[in-house]
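Residue numbers (full-length UniProt numbering), protein chains in the order written: chain C, 1 to 137; chain L, 1 to 137.
These are calculated hints, taken from the structure and not from any lab test.
Do not rely on the hints blindly, as some may be mistaken.
Covered, in the sense of this in silico footprint (three residues per stretch, anywhere, with C-beta under 8 Å from a C-beta of chain C), are these stretches of chain L [unchecked claim]:
#	stretch
1	5 to 19
2	41 to 48
3	101 to 108
With the C-beta cut set under 10 Å, the calculated list includes, among others, these residues of chain L facing chain C [to be verified]:
#	residue
4	V35
5	E61
6	R67
7	R69
8	G70
9	E71
10	H74
11	E87
12	M88
13	T112
14	R114
15	Y119
16	A130
This structure is a prediction, so every number in the text was calculated from the model and none was measured.
Glycine included, C-beta positions come from ideal geometry on N, C-alpha and C.
2 protein chains.
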Amino acid sequence: MTLQFDKPGTGAEVEEGAVLTPRFGADGLVACIAVDAHDGAVLMLAHMNAVSLRRTIETGEAWYWSRSRGELWHKGATSGQIQRVVEMRVDCDQDALLIRVDVGGDGGCCHTGRRSCFYRAVTFDEGSGARLVPIGT
Amino acid sequence: MTLQFDKPGTGAEVEEGAVLTPRFGADGLVACIAVDAHDGAVLMLAHMNAVSLRRTIETGEAWYWSRSRGELWHKGATSGQIQRVVEMRVDCDQDALLIRVDVGGDGGCCHTGRRSCFYRAVTFDEGSGARLVPIGT
Numbered sequence: 001m002t003l004q005f006d007k008p009g010t011g012a013e014v015e016e017g018a019v020l021t022p023r024f025g026a027d028g029l030v031a032c033i034a035v036d037a038h039d040g041a042v043l044m045l046a047h048m049n050a051v052s053l054r055r056t057i058e059t060g061e062a063w064y065w066s067r068s069r070g071e072l073w074h075k076g077a078t079s080g081q082i083q084r085v086v087e088m089r090v091d092c093d094q095d096a097l098l099i100r101v102d103v104g105g106d107g108g109c110c111h112t113g114r115r116s117c118f119y120r121a122v123t124f125d126e127g128s129g130a131r132l133v134p135i136g137t
Numbered sequence: 001m002t003l004q005f006d007k008p009g010t011g012a013e014v015e016e017g018a019v020l021t022p023r024f025g026a027d028g029l030v031a032c033i034a035v036d037a038h039d040g041a042v043l044m045l046a047h048m049n050a051v052s053l054r055r056t057i058e059t060g061e062a063w064y065w066s067r068s069r070g071e072l073w074h075k076g077a078t079s080g081q082i083q084r085v086v087e088m089r090v091d092c093d094q095d096a097l098l099i100r101v102d103v104g105g106d107g108g109c110c111h112t113g114r115r116s117c118f119y120r121a122v123t124f125d126e127g128s129g130a131r132l133v134p135i136g137t
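Construct the entire structure; sequences and hints are all you get.
Next up, the structure:
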């Protein structure tokens, strides 16, 4: 039996119910935050469509929809940085997911070679505007 | 002087540069993850347009764009749950933000009364499909 997602019901059903009814956007996607299951560090933000979400749930490994390549994306299939899903959570209105993952390979996530995609902080002053400063991740 | 955002440059400039050039989507929005600055817990995922991002940077408090209401949203203006931005980060391709926040009021975030919007875990078995189970947040 293939996992199917029902359409969202009433607000109360979506927020307090026990059924996963993802609220996919007009583009067919929901955002998914991946955090490291070991220390909670935010690794990346990506998107899932119904097919990738189904595969993620059924296989226990993160599958995304690559918006830039327009294709299903089994995270780590090339790099070895497979994300094994320890826990998946959904938010109140079911349009965002959070996965706590065990990362395979070298434990990294970002295609630039860093562990996390969030490796720069935004600083601001009136003179120079909004600048980016590298941080350790 | 009002803070302006330049258009994204080359891939290398976006990924390794020191200038914030947010890659707003076709809807004019970037996703923003808010985590509690004290323990790193993921509180919510929301969206910012250029105006709300500018206000967030300039005021140090989180301003979002409410997709459901179609309006600027100063988080906490009604509830008291103001999010003071301790640090803002941007991801590799600058289409996602992460803010570490100090939460005002009762310290909560979700409109359902919970601290975090991610208060349910997804479970799966062949028989009952994808179900949601409350977790402590």
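Now the hints, each set against the structure:
Against chain C, the stretch 5 to 19 of chain L contributes 6 residues with a C-beta closer than 8 Å to a partner C-beta. That satisfies the three-residue criterion, and the hint holds. With 4 residues bearing a CB less than 8 Å from a CB of chain C, the stretch 41 to 48 of chain L meets the requirement of three and the coverage assertion stands. Residues of the stretch 101 to 108 of chain L lying with their CB closer than 8 Å to a CB of chain C number 0, which falls below the three-residue condition for coverage. Satisfaction of the interface hint for L:V35 is found here, the shortest Cβ-Cβ separation to chain C being roughly 7 Å, below the 10 Å cut-off.
Using the Cβ-Cβ criterion of 10 Å, the hint placing L:E61 at the interface with chain C is not satisfied: the shortest such distance is roughly 13 Å. Among the interface hints, the one on L:R67 holds; its C-beta lies about 9 Å from the nearest C-beta in chain C, closer than the 10 Å criterion. The criterion of a C-beta within 10 Å of any C-beta in chain C is not met by L:R69, whose closest approach is roughly 13 Å, and the hint is violated. Interface restraint check: L:G70 against chain C, minimum CB-CB distance 14 Å, threshold 10 Å, status violated.
Checking L:E71 against chain C: minimum C-beta separation of about 17 Å lies over 10 Å; hint violated. The criterion of a C-beta within 10 Å of any C-beta in chain C is not met by L:H74, whose closest approach is roughly 18 Å, and the hint is violated. A least Cβ separation of about 6 Å between L:E87 and chain C falls short of the 10 Å threshold, and the interface hint therefore holds. The beta carbon of L:M88 is positioned within 10 Å of a beta carbon in chain C (closest approach about 4 Å), and the interface hint is therefore held.
This hint holds: L:T112 has a C-beta 5 Å from the nearest C-beta of chain C, less than the 10 Å allowed. The interface hint given for L:R114 holds, since its Cβ lies 8 Å from the closest Cβ of chain C, which is under the 10 Å cut-off. At its closest, the beta carbon of L:Y119 sits 7 Å from a beta carbon of chain C; the interface hint therefore holds under the 10 Å criterion. A distance limit of 10 Å between C-beta atoms decides the matter here; for L:A130 the minimum to chain C is near 4 Å, and the interface restraint holds.
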